[in-house]
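Using the sequences plus the hints, can you model the full thing?
Protein chains: 2
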Amino acid sequence: MFDDQPELARNAANFVPLSPMTFLRRAAEVHPDRTAVVHGHVRMTWGEVADRCRRLAAGLVRLGIVRNDTVAVIAPNTPALLEAHFGVPLAGAVLNALNTRLDPSSLGFIMEHSGTKLVLADSEFMPAIQAAIAGMGHRPRVIRIDDALGPQGVSGGEMTYEELLASGEGAEPLPLPRDEWDAISINYTSGTTGDPKGVVYHHRGAYLNAMGNVVTWELPRHPVYLWTLPMFHCNGWCFPWTVTLQAGTHVCLRRVEGNAILDAIEAHGVTHLCGAPIVMAMMADAAKARGTKLDRPVKMLTAGAAPPAAVIERLESTGIEVTHVYGLTEVYGPVTLCEPQADWAGKSPHELAMLKARQGVRYATLEGAYVADPKTLEPVPRDGETMGEIMMRGNTVARGYLKNPRATAESFAGGWFHTGDLAVMHPDGYMEIRDRSKDIIISGGENISSIEVEGVLYRHPAVLAAAVVAKPDEKWGETPCAFVELRQGMEATAEELTRFCREHMAGYKVPRTFIFGPLPRTSTGKVQKFVLRTQAKAPPQ
Amino acid sequence: MFDDQPELARNAANFVPLSPMTFLRRAAEVHPDRTAVVHGHVRMTWGEVADRCRRLAAGLVRLGIVRNDTVAVIAPNTPALLEAHFGVPLAGAVLNALNTRLDPSSLGFIMEHSGTKLVLADSEFMPAIQAAIAGMGHRPRVIRIDDALGPQGVSGGEMTYEELLASGEGAEPLPLPRDEWDAISINYTSGTTGDPKGVVYHHRGAYLNAMGNVVTWELPRHPVYLWTLPMFHCNGWCFPWTVTLQAGTHVCLRRVEGNAILDAIEAHGVTHLCGAPIVMAMMADAAKARGTKLDRPVKMLTAGAAPPAAVIERLESTGIEVTHVYGLTEVYGPVTLCEPQADWAGKSPHELAMLKARQGVRYATLEGAYVADPKTLEPVPRDGETMGEIMMRGNTVARGYLKNPRATAESFAGGWFHTGDLAVMHPDGYMEIRDRSKDIIISGGENISSIEVEGVLYRHPAVLAAAVVAKPDEKWGETPCAFVELRQGMEATAEELTRFCREHMAGYKVPRTFIFGPLPRTSTGKVQKFVLRTQAKAPPQ
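Line order of the protein sequences matches chains A and B. Start counting the first sequence at 1; every next residue gets the next number (the working numbering). Start counting the second sequence at 1; every next residue gets the next number (the working numbering).
Note that these hints are calculated values from the structure, not bench results. Nothing here was measured: the structure is a model prediction, and the numbers come from that model. Using N, Cα and C, we set each Cβ at its ideal position, and we do this for glycine too. It is possible that part of the hints are untrue.
[As the list claims (entries may be wrong)] Stretch by stretch, here's where chain B covers chain A in the computed footprint (C-beta under 8 Å, at least three residues): (1) 10–23; (2) 209–222; (3) 354–364; (4) 392–406; (5) 415–425.
[Said to hold, decoys possible] Among the chain B residues that face chain A by a calculated CB cut under 8 Å, a handful are: (6) R10; (7) A12; (8) M211; (9) V214; (10) T408.
Put into structure tokens, the structure is as follows:
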């Protein structure tokens with residue numbers, strides 16, 4: 001009875017594509033004079049930011065950018081990068097926020113692969129972008145961002161970002177996306193097989209993960225949010241959109257450093273921030289040195305390898321309340337958290353730390369998450385012992401990998417996203433990661449593919465075989481540790497291999513430790529990484 | 001580039017129809033032992049409630065209920081009515097929550113019009129339902145709910161609700177809706193033209209309005225929510241789903257009465273409730289009599305005619321923080337609120353009351369709301385003076401009116417939902433209702449169609465003409481006031497007309513005041529209701 005009446009179908013009044021672009025529109029409508037952005041001495045209201053985003057979009061359209069074109073940005077956490085999260089999708093284009101720590105050849109690969117038509121480059125990164133483009137098959141247009149707090153007097157680019165915005169003056173308001181399934185951004189993960197993979201996000205997922213952040217973190221209206229988490233990481237876990245949904249204030253920060261973070265928290269009344277465990281450690285150290293004790297609560301989300309309990313404890317003693325979440329690039333950032341239970345109140349600090357170090361349960365906006373046998377998809381028993389792979393399903397799972405049908409098909413096999421993270425399911429239904437099937441090393445919040453680093457080592461003439469695993473590190477969480485088997489009669493020192501790696505990869509990927517000797521192998525010749533991990537964890541002899 | 005790759009299309013891993021049914025699944029998964037329902041001495045956990053809802057759905061399926069079938073419920077705010085908000089849609093069916101204050105002929109009309117196949121009837125309302133069915137063209141099946149706090153020993157119905165639940169024992173888990181556009185419920189509004197209209201809600205809109213309630217009201221995890229707002233009103237403004245999204249506790253209440261409300265707040269640690277201004281008045285009176293002063297904040301949403309400032313003040317002095325929202329049946333309940341602005345802090349109490357009495361601005365989950373000329377859709381100037389009609393657009397606008405293509409087309413003309421409410425737009429972008437184009441009278445939170453009441457009066461042999469308007473009332477907000485022109489040579493007293501009305505409509509619709517005399521008319525013969533409204537407001541002479 002309800003489906004046979006054509007007048008009950010969708011129409012313009014009752015169906016609007018879900019898009020976080022509507023959050024910007026509302027913030028500007030309802031809170032036009034409220035502070036939207038703080039950046040050093042720069043202050044902008046929601047009315048101003050919305051106008052700038054509209055002009056950015058219009059300027060891009062005038063330069064010929066059309067629907068589904070890719071527009072890259074390389075910048076620290078500045079107003080321009082925030083604006084790009086709205087201005088680029090408002091032009092119908094797809095945002096490609098580049099990791100500022102990548103070397104030119106990786107940047108070039110990503111821009112080539114994503115078909116980047118135009119790049120907005122902070123003046124600090126102009127040399128890297130120019131070097132990257134020099135090695136590319138096509139030449140994206142370059143717009144230079146002269147950030148108020150960035151290097152001045154840099155040349156290059158066909159115009160400046162402010163000139164681009166000026167060119168969009170007087171344009172008509174821009175429409176919402178035609179379809180909520182339209183791509184909003186592409187985020188490159190270091191992946192497992194050398195070359196980075198481009199994860200495609202859509203407007204629907206970005207809208208819903210922003211809602212999920214608010215609902216799960218109980219984010220109130222008008223948070224004052226400090227940008228320590230890079231916006232190029234899963235679009236800053238969707239917080240450019242999340243904070244805008246609640247008409248909050250984005251406090252930008254070019255350099256993530258302990259004292260700068262505490263200064264910003266104190267100066268601007270910061271209420272919320274996200275950051276990797278390394279950022280927590282920086283904050284804890286700086287707070288200890290300064291004797292900081294905040295006079296109001298500040299809430300912080302952290303993810304990745306569970307931060308050491310000592311760091312959490314030190315940070316919480318300064319007045320910062322830490323929540324541990326878990327996610328991946330493929331799911332728009334965080335999608336599970338260790339949601340507290342009523343009976344945890346009676347636990348000892350040690351028991352509590354054990355409970356809270358787990359990856360926990362899904363956001364309400366992720367429709368499914370469990371631990372399964374990756375072949376059969378049968379759930380593992382809830383015994384806290386049997387390992388399986390974390391599987392996810394829901395509207396905040398990405399569309400797939402661009403131009404990589406095989407990886408897309410593999411990761412969605414059986415109608416569930418295979419995270420590649422190996423975990424157990426506890427009797428209370430909380431998940432806990434035990435190992436990574438993909439051998440990813442997380443160092444200072446950055447993913448490093450062991451296979452990529454191994455690939456470089458294999459190119460050195462003295463290297464017969466190489467295997468790279470994570471080595472636990474108090475400061476960085478993990479660092480890459482390389483096990484190297486040299487060719488008979490050849491020589492290479494750790495110093496020599498470090499120099500070789502520096503020439504061929506971003507500095508943060510270079511192994512901090514080299515251990516020489518024959519690699520342990522299985523009978524079929526596969527390197528036994530679990531043996532190496534144990535060795536890497538052992539104290540130096 | 002992003003749309004020409006078939007592997008980037010929707011699949012089971014990354015697309016799940018939006019539905020509030022997923023909230024129940026998550027509450028049961030993550031918080032199985034947490035209290036979900038309190039009803040007198042009855043306590044149920046989320047694990048139990050989810051199991052009961054699943055069994056309700058399975059029981060309905062066993063009785064032959066299929067997708068898009070309508071299932072009605074008539075009950076006060078009891079656990080069964082709450083469970084029906086999940087169990088009925090989980091069976092693929094459409095929930096028709098009946099207004100318990102309606103007379104049998106209106107109930108019969110609604111069940112007939114909605115094609116109700118089965119009705120779940122609280123024992124208190126068995127006589128009304130049986131009388132209603134006696135006058136219907138088809139006979140819905142009847143299941144009797146013997147609520148723990150309801151009348152006992154009532155007979156009738158083919159089985160009891162608990163027997164129905166028992167019949168669903170051992171059934172498989174039920175699937176989510178095939179499509180998020182599937183109907184989830186139908187809600188009858190008193191409408192403008194005599195017969196009630198059936199507003200069709202879908203899963204997507206119910207999901208999103210629940211999110212909107214959480215985001216807008218900053219609803220934290222685990223609220224303790226008291227049910228004073230009837231669940232049959234716009235599905236309780238989507239709070240059966242909203243509270244479940246945050247795994248809160250639903251505190252049920254059969255009788256809405258000042259002392260019972262305060263008792264429940266004190267006994268169960270209630271943190272949140274919604275209710276009409278009449279409920280606020282009851283609470284304020286009871287609190288004054290008891291000298292209640294709550295030791296922790298309780299948040300209350302209210303809607304409809306703005307409550308008198310004196311009532312708000314009295315209620316807030318007991319520790320209840322009131323937020324005024326506005327909405328209609330056609331938009332799933334509340335969709336605008338008077339969101340506070342930073343500069344309101346410096347206003348005088350009188351200025352503040354004026355600012356807060358407005359209907360305000362849209363929820364983030366409603367994509368558009370403004371005041372326009374209903375013909376041209378041009379916005380009225382933001383002068384706080386020019387009247388226009390409030391227009392809305394977004395994903396929480398209903399699918400339309402069942403079997404009423406004309407009303408649906410009219411209300412969605414030009415791609416905006418025409419609310420029928422006449423308002424002005426203030427310079428700050430906040431809307432304020434000035435009049436109702438539809439002449440609806442809101443009495444004790446219930447909508448009364450003046451045209452319906454006039455229709456009955458016209459049937460009295462002595463009545464030549466009748467016009468019914470709202471008369472302001474301290475207790476009820478408004479009451480119907482009838483202006484009656486008698487036929488020459490005929491007589492009828494107010495007592496006689498009251499008796500006549502009682503025979504033909506629900507008690508709450510019967511005019512409280514009758515004024516006899518010739519009706520003022522325009523040159524074309526239309527009754528000038530604005531003149532009558534002024535007269536109705538005047539104190540008795």
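Legend entry - Structure versus earlier hints, numbers of those that do not hold, lowest first: Nothing - there is no hint that the structure violates, so all of them hold.
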